[in-house]
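With the hints as your guide, set chain H onto chain U.
2 protein chains.
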Amino acid sequence: MQLSAEIIAIGSELLGPTRVDTNSLWLTEQLNDIGVEVQLKTIVGDDGARLEEAVADAVKRADIIITTGGLGPTEDDITRVSTAKALGRELVYHDEIEAVLRERFQRWGRKMPEINKRQAFIVEGAEILENPRGSAVGMLLELGAKRIAILPGPPRENQPMFTDFVLPRLKELVGDVFVARRVMKIVGLGESAVDEIAAPIYNSVERASTSILFNKTEVELHVSVRRDSRKEADADADELARRLSDAFGIAMFSTNGETMEEVIGRLLRERSETLALAESCTGGLVARRVTEVAGASAYFGEGVVTYSYEAKVRLLGVRQETLDKFGAVSAECAEEMAAGIRERSGADHAISITGIAGPDGGTDEKPVGTVFIAYAGPNGVASRKFFLPGDRYLIRWRTSQAALDVLRRALLKASQDR
Amino acid sequence: MQLSAEIIAIGSELLGPTRVDTNSLWLTEQLNDIGVEVQLKTIVGDDGARLEEAVADAVKRADIIITTGGLGPTEDDITRVSTAKALGRELVYHDEIEAVLRERFQRWGRKMPEINKRQAFIVEGAEILENPRGSAVGMLLELGAKRIAILPGPPRENQPMFTDFVLPRLKELVGDVFVARRVMKIVGLGESAVDEIAAPIYNSVERASTSILFNKTEVELHVSVRRDSRKEADADADELARRLSDAFGIAMFSTNGETMEEVIGRLLRERSETLALAESCTGGLVARRVTEVAGASAYFGEGVVTYSYEAKVRLLGVRQETLDKFGAVSAECAEEMAAGIRERSGADHAISITGIAGPDGGTDEKPVGTVFIAYAGPNGVASRKFFLPGDRYLIRWRTSQAALDVLRRALLKASQDR
Chain U
21 MQLSAEIIAI GSELLGPTRV DTNSLWLTEQ LNDIGVEVQL KTIVGDDGAR
71 LEEAVADAVK RADIIITTGG LGPTEDDITR VSTAKALGRE LVYHDEIEAV
121 LRERFQRWGR KMPEINKRQA FIVEGAEILE NPRGSAVGML LELGAKRIAI
171 LPGPPRENQP MFTDFVLPRL KELVGDVFVA RRVMKIVGLG ESAVDEIAAP
221 IYNSVERAST SILFNKTEVE LHVSVRRDSR KEADADADEL ARRLSDAFGI
271 AMFSTNGETM EEVIGRLLRE RSETLALAES CTGGLVARRV TEVAGASAYF
321 GEGVVTYSYE AKVRLLGVRQ ETLDKFGAVS AECAEEMAAG IRERSGADHA
371 ISITGIAGPD GGTDEKPVGT VFIAYAGPNG VASRKFFLPG DRYLIRWRTS
421 QAALDVLRRA LLKASQDR
Chain H
21 MQLSAEIIAI GSELLGPTRV DTNSLWLTEQ LNDIGVEVQL KTIVGDDGAR
71 LEEAVADAVK RADIIITTGG LGPTEDDITR VSTAKALGRE LVYHDEIEAV
121 LRERFQRWGR KMPEINKRQA FIVEGAEILE NPRGSAVGML LELGAKRIAI
171 LPGPPRENQP MFTDFVLPRL KELVGDVFVA RRVMKIVGLG ESAVDEIAAP
221 IYNSVERAST SILFNKTEVE LHVSVRRDSR KEADADADEL ARRLSDAFGI
271 AMFSTNGETM EEVIGRLLRE RSETLALAES CTGGLVARRV TEVAGASAYF
321 GEGVVTYSYE AKVRLLGVRQ ETLDKFGAVS AECAEEMAAG IRERSGADHA
371 ISITGIAGPD GGTDEKPVGT VFIAYAGPNG VASRKFFLPG DRYLIRWRTS
421 QAALDVLRRA LLKASQDR
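So the sequence lines, in the order shown, correspond to chains U and H. Position 284, counted from 1, in the first sequence is what the working numbering calls 304; the numbers after and before it change by one each time, with no gaps. Position 194, counted from 1, in the second sequence is what the working numbering calls 214; the numbers after and before it change by one each time, with no gaps.
Only chain U is shown next, with the shape it has when bound in the complex:
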């Protein structure tokens, strides 16, 4: 059965000039995956009357209503009161929610502020959705055939809550549609170039939908295939992913949603090899990304951030003559940095980065965005020059991605050569 959904995002901050509602994107994807279409989105501030009206209207129109936000402990957090009014229900106090909150604050060594008691009120008849990641529990209501999910605002709270508690119940409602999704990631190509290659392939598959997302330094290709059985959906999604993967070759670094740093971690683990890093313009960003992966200590022992000449000499053994002759932003310096950190750390692989992230420091010869990345491994040292456009933030991010991709290609190449 084709059902419709509406999403209501709550919070005055979403009505300011700086923030858009991004929660709804993820929710829309989840809903689309089970064949539910989002037909309207409302963004409402901390304004009880308007929220009440928005919820009441949505209930009239849609089969599934999802609200996000407004479940905090302050007076501004109006979702509990307004949804109850819109649905003509009472709010009921739950001692056990208060007890859980008190216990949690105690564990943090803090006393629960009295206003947090507000978070123990639940719309009458709602199922309580636990929130191990925050203080606001969610709610799920049934109104005849309609379902209303009331979720907290932070994605790291509402996403697991939706996945664990709401999605299974919506699936019951929707019936037997099986959707298999694959998230593939591509580096080094733009959005339109990706679509040109991918479109003929995904368009040839029935009941498939694709969205293409550009995310700072990589293009994500989300494909989903709807079938009448799980087996069929999985098989056809795998086949589609395989064809796309063949088309993109090494530029596709992930066919299962893995991040670049997870791919790096997996490749190093598989080889029982280690990595060391020497960063200048990225200032620790690459190390930060590598260590974002749990268990990174198995393959990452150290990194250095050498901003000054002096640190490059002392910590990496870069020669003063190299710096004097070629400057810190040069292939020569990058190669000495990589070789230096590899030797001193004893790691199998080393990556170094030196460049100009701007906004100042650019010259005609080496404009802002000029970056040298060197790789040192068992077979020696090599460097590559990049020119990466953008502002300081983007240049640094793109540089970190380019550096990890240099490493990825080196790791893959090393295995081929064996």
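Watch out, some of these pointers could steer you wrong.
Treat identical chains as interchangeable: a pair holds within one or across any two.
Computed list of lysine-lysine pairs in DSSO-like fashion (alpha-carbon distance at most 30 Å, straight line) [said to hold, decoys possible]:
(1) Lys105 <-> Lys166
(2) Lys191 <-> Lys105
(3) Lys131 <-> Lys251
(4) Lys80 <-> Lys166
(5) Lys236 <-> Lys137
(6) Lys433 <-> Lys131
(7) Lys405 <-> Lys166
(8) Lys105 <-> Lys80
(9) Lys131 <-> Lys386
Keep in mind that the hints were calculated from the coordinates and are not lab data. Remember, predicted model here, so these are calculated numbers, not experimental data.
For chain H alone, coordinates are given in the frame of chain U:
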């Protein structure tokens, strides 16, 4: 007079999993600047009935309604028909619009497709807003004291149209209102604790509005004050900011929107002093944040990420006995790390971080989230133990914030002591 606005974004592409409505950000800024608050946003697909309802509802609630999109020439472009219905007015064909369109197509060397005739229909009584950048004209309607602006979707068309034709008319309506805005940031207190302290202060100021935003590790307090003159607005906003700053004391690290890393940068620059970093569990995140600020090389020369015991000993001079006796996650290790990097780098100030970011590696004695942060400065070394809740990502982020805050307080204290 305080007027309210609603924005309606039209187009099915805005209801997919990849695109958010960003038009409204710019419009909101323009409206806020003349003292108009946006109270609701609706995003509706190419669905006539829903759009009609959205417009009718908005007209009931708000003083100013702005729609964007849905003015193209295809059947999907439903804005003309649905707004006319919602307002109970006819659509009127304007030959002169068709003539302009025909002429424009001719200039491009093309014949006007017949479907473009649709774009010559105008809601009865509307003022026509010219669009030199595209084929869809806009409309401006007066409904008693209310104003309804119907704008095309592309920003490069709707922004000049808004500025040239809509804004001047709204200004007449609003009169001379001047808005001064201040963004303040607080560390170490939760959202509810901040509100408890701030509410009595901002509530005592007339024609002021406040929003409180929790952003991973800091609370943002946005206040705006509306007055009849620029001078008055600025003076009263400054006074409100001063009172809030007094109430929060050192916990308020920014009264002008500066980020924590910008504050650190400013304090170091003012003192012409330098910083070095030694990170374990944050894996480069603190260095990355410090170097996110343009010009950080003036005060930041180096940082090391020492994940392994061996790197802590070799790069920082941590004693093997310390690691054997107390472990890497200990006050003793943190202090030796900070003292070591300070001595080797020659920096004035040094911060070290060692802890357990999880998900693995926790023990009963040192659970996941246990973090030691040490500061080494001209007066010696001191460390502090933290327990920071969350998952790996949040623990690392909170640790980075705690570390920068330890540094900030040390810098402020050092100046007081002088």
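Could you tell me which of the numbered hints above are not met by this structure, giving the numbers in increasing order? 3, 7
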